[in-house]
Structure formats: structure tokens, C-alpha cells
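Engineer: Chain by chain, the residues:
2 protein chains.
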Amino acid sequence: MRERAAKEEKTEYDSIGIVETKYCTFAHPPEQMVLESGEKLGPITLAYETYGKLNAGKSNAVLILHALSGDAHVAGRHGPNDHKPGWWDFMVGPGRPFDTDRYFIICSNVIGGCKGSLGPSSINPETGKPYGLDFPVVTIGDWVEAQRQLIDHLGIHKLLNVVGGSVGGMQAIEWTLRFPDRVKTATLLATAARLSAQGIAFNEVSRRAIMSDPKWHGGNYYQESDHPDAGLSLARMIAHITYLSEESLHQKFGRKLQDREKYGYNFSTEFQVESYLHYQGDAFIKRFDANSYLYITKAIDYYDITRGGQISLDLAFKPAKAKYLVLSFSSDWLYPSRDSKEIVRALKRNNLEVTYCEINTNYGHDSFLVRNPVMEEMIVNFLAKNLEE
Amino acid sequence: MRERAAKEEKTEYDSIGIVETKYCTFAHPPEQMVLESGEKLGPITLAYETYGKLNAGKSNAVLILHALSGDAHVAGRHGPNDHKPGWWDFMVGPGRPFDTDRYFIICSNVIGGCKGSLGPSSINPETGKPYGLDFPVVTIGDWVEAQRQLIDHLGIHKLLNVVGGSVGGMQAIEWTLRFPDRVKTATLLATAARLSAQGIAFNEVSRRAIMSDPKWHGGNYYQESDHPDAGLSLARMIAHITYLSEESLHQKFGRKLQDREKYGYNFSTEFQVESYLHYQGDAFIKRFDANSYLYITKAIDYYDITRGGQISLDLAFKPAKAKYLVLSFSSDWLYPSRDSKEIVRALKRNNLEVTYCEINTNYGHDSFLVRNPVMEEMIVNFLAKNLEE
Numbered sequence: 001m002r003e004r005a006a007k008e009e010k011t012e013y014d015s016i017g018i019v020e021t022k023y024c025t026f027a028h029p030p031e032q033m034v035l036e037s038g039e040k041l042g043p044i045t046l047a048y049e050t051y052g053k054l055n056a057g058k059s060n061a062v063l064i065l066h067a068l069s070g071d072a073h074v075a076g077r078h079g080p081n082d083h084k085p086g087w088w089d090f091m092v093g094p095g096r097p098f099d100t101d102r103y104f105i106i107c108s109n110v111i112g113g114c115k116g117s118l119g120p121s122s123i124n125p126e127t128g129k130p131y132g133l134d135f136p137v138v139t140i141g142d143w144v145e146a147q148r149q150l151i152d153h154l155g156i157h158k159l160l161n162v163v164g165g166s167v168g169g170m171q172a173i174e175w176t177l178r179f180p181d182r183v184k185t186a187t188l189l190a191t192a193a194r195l196s197a198q199g200i201a202f203n204e205v206s207r208r209a210i211m212s213d214p215k216w217h218g219g220n221y222y223q224e225s226d227h228p229d230a231g232l233s234l235a236r237m238i239a240h241i242t243y244l245s246e247e248s249l250h251q252k253f254g255r256k257l258q259d260r261e262k263y264g265y266n267f268s269t270e271f272q273v274e275s276y277l278h279y280q281g282d283a284f285i286k287r288f289d290a291n292s293y294l295y296i297t298k299a300i301d302y303y304d305i306t307r308g309g310q311i312s313l314d315l316a317f318k319p320a321k322a323k324y325l326v327l328s329f330s331s332d333w334l335y336p337s338r339d340s341k342e343i344v345r346a347l348k349r350n351n352l353e354v355t356y357c358e359i360n361t362n363y364g365h366d367s368f369l370v371r372n373p374v375m376e377e378m379i380v381n382f383l384a385k386n387l388e389e
Numbered sequence: 001m002r003e004r005a006a007k008e009e010k011t012e013y014d015s016i017g018i019v020e021t022k023y024c025t026f027a028h029p030p031e032q033m034v035l036e037s038g039e040k041l042g043p044i045t046l047a048y049e050t051y052g053k054l055n056a057g058k059s060n061a062v063l064i065l066h067a068l069s070g071d072a073h074v075a076g077r078h079g080p081n082d083h084k085p086g087w088w089d090f091m092v093g094p095g096r097p098f099d100t101d102r103y104f105i106i107c108s109n110v111i112g113g114c115k116g117s118l119g120p121s122s123i124n125p126e127t128g129k130p131y132g133l134d135f136p137v138v139t140i141g142d143w144v145e146a147q148r149q150l151i152d153h154l155g156i157h158k159l160l161n162v163v164g165g166s167v168g169g170m171q172a173i174e175w176t177l178r179f180p181d182r183v184k185t186a187t188l189l190a191t192a193a194r195l196s197a198q199g200i201a202f203n204e205v206s207r208r209a210i211m212s213d214p215k216w217h218g219g220n221y222y223q224e225s226d227h228p229d230a231g232l233s234l235a236r237m238i239a240h241i242t243y244l245s246e247e248s249l250h251q252k253f254g255r256k257l258q259d260r261e262k263y264g265y266n267f268s269t270e271f272q273v274e275s276y277l278h279y280q281g282d283a284f285i286k287r288f289d290a291n292s293y294l295y296i297t298k299a300i301d302y303y304d305i306t307r308g309g310q311i312s313l314d315l316a317f318k319p320a321k322a323k324y325l326v327l328s329f330s331s332d333w334l335y336p337s338r339d340s341k342e343i344v345r346a347l348k349r350n351n352l353e354v355t356y357c358e359i360n361t362n363y364g365h366d367s368f369l370v371r372n373p374v375m376e377e378m379i380v381n382f383l384a385k386n387l388e389e
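Going down the list, the protein sequences come from chains W and R.
Quick note on the working numbering: the first sequence kicks off at 1 and runs consecutively.
Quick note on the working numbering: the second sequence kicks off at 1 and runs consecutively.
Since no wrong hints were added, every one of them can be taken at face value.
Heads up, the list lumps identical chains together, so a pair's fine if it works in one copy or across two of them.
Pairs of lysine to aspartate or glutamate, EDC-like flavour, derived with a Cα cap of 20 Å:
1) Lys321 / Glu353
2) Lys262 / Asp304
3) Lys22 / Asp152
4) Lys262 / Glu39
5) Lys115 / Asp89
6) Lys252 / Asp304
7) Lys58 / Asp181
8) Lys341 / Glu247
9) Lys215 / Asp226
10) Lys215 / Asp229
11) Lys341 / Asp314
12) Lys184 / Glu353
Calculated from the structure, these hints are not laboratory results.
Extracted from the complex, chain W is given alone in its bound form (with noise of 0.2 Å):
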């Protein structure tokens, strides 16, 4: 750790400079992609960043997994003048646990997604207008298979590691499963290998939030001057309570007052916990589509390795051949440690070579995208080995 408290002294106000968001175009019309719906869809653009170099073996690439909200901006900035690094800077970087002079990073916009990749905000061929609900509802299933032939494009076989939080880490199950020749290693973190009934329950009234707002339309809103606004901001709201836990909401706010010292006795936001949520709801419908929302959420609650029961865990693990480093975080009540312990165990059972460790922190959820040394180590251990080996 001391190596690295050195490294990261010299580049803590360098990280990797200035990044650049990529493109890629495939499944062209009649070689269009069969969704699990049965549905098809092309063609079909992919926004991807990459940082660092693929060496001379192509054994270095690593393919990081977005979350909910997340994108393919993972680290760096736009541009000179861009202040906000991407959403996992502190990650990747020059010194970084995945660090650019040893690893080649990927990261790629999910489909369905608002951050340059085809989704519902895309301008559908067949009419020259935005596809709003008529763009299919896809799955993680859709998105690893979009993402391999991103990898395919980038003439990488083998991905060294797969790696996400919460969504991203069911993408990183996904690509075990889907194509267990093509990856190396797992890092799964904070995730399940499918939503509990209380996540789809959190789900499903942030899409009606969405869906209530008269201003949504149908998912039709492009053209109009109003978007739905104030279902979406409140969508995001629902979701971050959920995001961290009642420990930190308590020991960041508790019942403190913003900006007044005692009670108005009205209906205005009086509390910082009140005032905290709306900042992050008016701040996400600047960043956010509605309608990707929707679509994104669905793919969660869809997502389910034994299908609906109907196999087990332990046989739905059957396929894979990676090794794993499952990370669960103490405080997290969405995707809990018991989540992640069920899949270690049917990891156990086929006999695959797993690491796990329940990370004790306050963040929640959230814990995976704070600085945390443990999960840092852990992952800067599991990646320097199996790149070696």
C-alpha cells in the first residue's frame, strides 16, 4: 500500500488527462441483433472510452460495467476546460488500481441508454423520429451481446477482467455465463445474480413516477418543450434513498434544518436530508432521459440467472469458467451481502475459484463508487495475479 499512497501523490491532480468518447456501428440492416425479446434492432451504435494500452498479447483488457446511471465517461475529463471527472476517476488512472500503464480499460453506454449509445432518445430509422416507446425493451442479456462485438471490433479474445457495481456487476455475471471462453477474471460488486421483490418494488414506483407525469406523454416528449421533469427528478429521488444507508443519511443530516432554525410550518423543504434529495433530483434530470430510465430499470428487474426459478443457481453457474472477486458492502440494503453470498456459495459448488469479502462501510450502496483501501487492495491483488499467471 505504501507503493501506491506514493503513485497516486504524483498523479492525484493528473489522472489520465484528457479522454475521448469513441463510437462503433454494427448490426446494420438485414444483419440486424435478435433481442431476447425475439424483437430486432440496428443498426445499432455503442459510445465506448478506452484508456491505457492493449499490449502486444491483447491480455491486458479489462471491460468496466456501467450502473444505472452511469455511462462510458469512467475516468479523465472532455476537455481543458471540463471540471468533472468521470464517474470512477478515482479507479483508473496512471498508479490507479486499474491502472493505465499496466491495463487496457474499456468502458461502453449501455443500449437503451442516453449517453451516445442507441437508445429511446435515438432517432429511429423507419420514422426519422426519436423511438420513445417504440424502441424495444432490451435486457443485460442485449447488452453484453452488444458488448461483445465491441470487443470484437477492438480484436480482443480474451478480456482479462470483467468488472461492475450493482447493474454493472450483473453484466459482469452475464459475460461469465454468455461467453465463458472470453473472460479471464469477474469482479462483481454490490450486485445479485437477480433483483430481490423489494428492489423491483423501488423500481417499479420510480417508473410510475415517471410514467404519472403528464408531461411524459406516452414516452413521446422529445418534440414537446416539456419534459417530464418532475416525475423523472422524483424517480431519482425515490432511487437515492435507496442508494445509501440510513446510517450515513443519519450521520450526514440527521433532522438538521437548512438554512433556518426552526420549523416554518408549511410545505417547503425545511430539512438537508429534503433539501439533499431535491439537489440530486434536479440535478439527474439535466444528465438523465426518462424514457432510459424506464428502459434501464426493466433490464434490472428482468435480469434473473436461474429464470424465473426454474434452475437452480448452482446449475445457472454451471457455464462459467472465470475466477471470481465477489465484493459485498456491509450497509448496503439493496443489493445486500446475502445476495452476494448465494452466488459465492453455487460459485463454491462448481467448483470455481472465488474471493469474497463483505466490506464494512457506511455508503451503502453507494460504497462502491467511494474510495475504500480494502476493496482497492483487493482489486489491485486479484487483477496484478491474473495478469501474471
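Fit chain R to the known structure of chain W by using the hints.
Structural biologist: Same frame as chain W, but now just chain R:
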């Protein structure tokens, strides 16, 4: 317990029978009630019900305090064709824990509510129209002040017991602090001396669901043909998730689909848990007023016997003289056992008599609304012991 079981058998289909809601009006101008906010309110009508008989010594009166969506109708039916008994029917009646052969039971609807007591849907005598948001913000202290008027009206000086779950428990606490000489014992179920930051957060998103509904019209929807049903329904769906434990949702619904074998690949209701939430939301709008939801959640958020941390919990309980029975439920994550334990510790440090039990249940915050032999037996014994003393 054997004796109770035998009694129950006799009364299971019998209950308390037909009951009637009564009304009590006070605080006529110019003697209006001065609220905690400083505003004046009156005349105030409370809807209430009573069961059993007040004894000659007036020493057997129990005041039940209802939770957010409850009302004065605790037990029995309103007529021969009324098939839905009161909200705590299994607890109140001959031979039931609140045995109407022994105790005189009272319950009134809170002010700000919509079940017969004065609230935002009532006619404002100054305008001849429903109050809407002109109704003043009321607090749990105001509720209890109004209940005291009712108890005076009934000619009772000292209550044998005040009892409530959730916000009902907060009212019970408030009774013991505001009128220490008028309460012999208090039973606090699944409650807290102040709501957590997470609890405030959930209340706020529920309020925003209502206030974002264009049909809310700033609270003046009573004369409109449409009410903010979508918003109120969504608020209820959000809240309902917090009333149940993750485990109970898993056991009850898991990932089972509703009336279908496979995914529909669209945004209709597919999972049983979604269908259940929609049912809850739809049922709620038929029986509740959106503005009352705002006023009651605000009262809950405001409640804090430490006055925003200005005084310690120990000091806050200093005026209390009652004997307490405190029950929390292991699966309740909205009002977790921790909140009850801090009450118990503060009571003990004030040398007050207190019995505490964390009851093992799967039903989450709603546990106090579900039959439970431990809860029932503890309440039976606590009441009996204190009636005799």
C-alpha cells in the same frame, strides 16, 4: 394463554358488533385552540369511537392512538352490511387484548386527517370553502391537545393507558410528557422519539409525489372533477414498501409473475409485487385525502422531543411519570429497534418503570397490525397488572 384461546374461540366471529362514530366539537371562537405554530384553529371537531364501559371509578379508560392512515374506527362494524371491521379489530373486543368487558376504549381521528375530524378537506368557516392548504400545519402536540379536550368531555381525569404504533406511539409519548398526571401507563409500539433522516426522506418523496401531480392544484382540488389520485397512489406505494420487510416481500411475492408465464417485454405490470403495490395505491385513493397525507406526514417529520437536539433525550423524558411498555419488531427498518432502545434507556435513566421487548417478526413496520401472541400477551398482562394496582 390457554384461557385466552378458549375465550377467543367464542368471540372470533362475534367481536364487538355494530359500533358508531361520534363527534365532539370544542374550541369555538373566540376560544380557539392556539397551535404550536402560533396559529389559531377552531371550532375543532373530533370524530371518535368508544367501546366497553367506563367503570364507576373511571379508572379503566384506554386511549388508542392511530397511525398515519388510521382513523377512529378501531374495532367492530358500522352496520350489518359492513364487511370490513375496524383497523385493530383483533386487538379490541370481548376477550381480546383490549378487553371491552374490562376496559373502556377510546380512539379519535387526528386533526388534519380526513376521517371525520377537522382537516384540510373540511369547510373553512371564514370562506365557506374547503380549507385546502389554508389549513394550518398541525403537530403531534396539537393532536394530543385536542385529544385531551375529548377526554375532558368524556369526564375522565386519568387514562389507564395510552397506546399506539408508529406515529400512534409518538402520540402516546407526547401524552406522557404533556399531561404526566393524566396517564397511568403508556404502550409504545414500533415507534421513535423522533423520525430518522431516512424516514423524513421517504415522507418527503411521498409528499412530492402528491404535490407534483398537476391535479393537486396547490391543494385546491376539492371542487375539481379530478383529484390528485395518481400522486396520492404513488405516495402510498412508496410508503407501503417501507412498511414491509424485504424478507416478507420475498416470502410473499419473490420474483413471481402475475397472471403470466413469461416476460411481456413492455412496461405493463408484470411482477406480483408490482401488482400488489398498485392494488394498495388504488385502494388508498378511495379512502384518503391527498392534503391530509401532506399534513400528517409533516406532523410526523416535525415530532422531536429533543427539540432538534437542544435538550437530551433524558431531559426530554424528565416530566414523565407513566409506566411504559415498549415493543419493537425485529424486521421493522422504518422505526428500527434502535429507536425504541434509546427511548428505553432514557426512561430508565429517569428511574421510570419500563418493560421492553424486541419481538421477532417478519412483517416489518406493519408488525403491530398483525396478530402476534407475544405482543398480545404482553399487552394483556401490562394492562391487567396496572388496572389492579
